[in-house]
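Take my numbering: the final residue in the sequence shown is number 412, and no numbers are missing along the way.
To be clear, the hints were calculated from the coordinates, so they are not data collected in a lab. All residues carry an ideal CB built from backbone N, CA and C; glycine is no exception. One or more of the hints may lead you astray.
Below, in silico cross-link-like pairs of lysine-lysine (DSS-like), each with a Cα-Cα straight-line distance of 25 Å or less [unchecked claim]:
id	residue 1	residue 2
1	K332	K396
2	K386	K367
3	K379	K367
4	K382	K353
Here are the simulated distance ranges between beta carbons [stated by the list, open to error]:
id	residue 1	residue 2	range
5	I387	E317	35 to 45 Å
6	G381	D405	31 to 41 Å
7	R385	Q339	21 to 31 Å
8	G381	M335	24 to 34 Å
9	P327	S391	29 to 39 Å
10	T354	G381	32 to 42 Å
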Amino acid sequence: MPELHLYDVLRRPIVSEKSNMLTDQLNKYVFEVALNANKTQIREAIEVIFNVKVSAINTMKMPAKRGKRGRKIYVRSSAYKKAVVTLQPGDEIKLFDV
Numbered sequence: 315m316p317e318l319h320l321y322d323v324l325r326r327p328i329v330s331e332k333s334n335m336l337t338d339q340l341n342k343y344v345f346e347v348a349l350n351a352n353k354t355q356i357r358e359a360i361e362v363i364f365n366v367k368v369s370a371i372n373t374m375k376m377p378a379k380r381g382k383r384g385r386k387i388y389v390r391s392s393a394y395k396k397a398v399v400t401l402q403p404g405d406e407i408k409l410f411d412v
């Protein structure tokens with residue numbers, strides 16, 4: 315498996331109603347990560363980039379979805395990997411403060 319750069323592991327934060335609830339109540343943050351990234355690489359990237367301590371990581375692969383745009387045009391969303399990162403008490407990521 316090729317070694318990923320720290321900034322290649324994290325793609326973007328996922329901001330939704332559910333992820334905001336997790337952040338506010340349980341100190342969990344949700345990120346879209348590279349498909350071939352493992353939990354060790356995700357932990358290292360989060361700890362170095364945001365200067366926080368990670369206590370747990372849960373990952374899941376989200377499947378590609380097929381949809382229709384108009385009558386004859388079919389579109390397909392890409393599959394992606396999602397990571398729910400739990401931080402140690404007292405730590406927070408300032409990126410999510412609105």
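Does K367 lie within 25 Å of K379 when you go C-alpha to C-alpha? 34 Å, violated
Are K332 and K396 close enough, with their CA atoms no more than 25 Å apart? Distance ~13 Å between K332 and K396 Cα, so the pair holds.
CB-CB spacing for S391 and P327 relative to the 29 to 39 Å hint: With Cβ atoms ~18 Å apart, the hint is violated.
Hint says 31 to 41 Å; check whether the CB-CB distance for G381 and D405 agrees. Holds: the Cβ-Cβ distance is about 38 Å, inside 31 to 41 Å.
Hint says 32 to 42 Å; check whether the CB-CB distance for T354 and G381 agrees. Holds, at about 35 Å.
The hint says 21 to 31 Å between R385 and Q339; measuring C-beta to C-beta, is that right? 44 Å, violated
Confirm or reject the claim that I387 and E317 have a C-beta distance inside 35 to 45 Å. 39 Å, holds
Regarding G381 and M335, is the given constraint of 24 to 34 Å on their beta-carbon distance met? 26 Å, holds
Compare the distance between the alpha carbons of K382 and K353 with 25 Å, and conclude whether the hinted pair is satisfied. 34 Å, violated
Is K386 close enough to K367, meaning Cα to Cα at most 25 Å? It is violated: about 49 Å lies between the C-alpha atoms, which goes past 25 Å.
This entry does not satisfy hints 2, 3, 4, 7, 9, going by the numbered hints stated previously.
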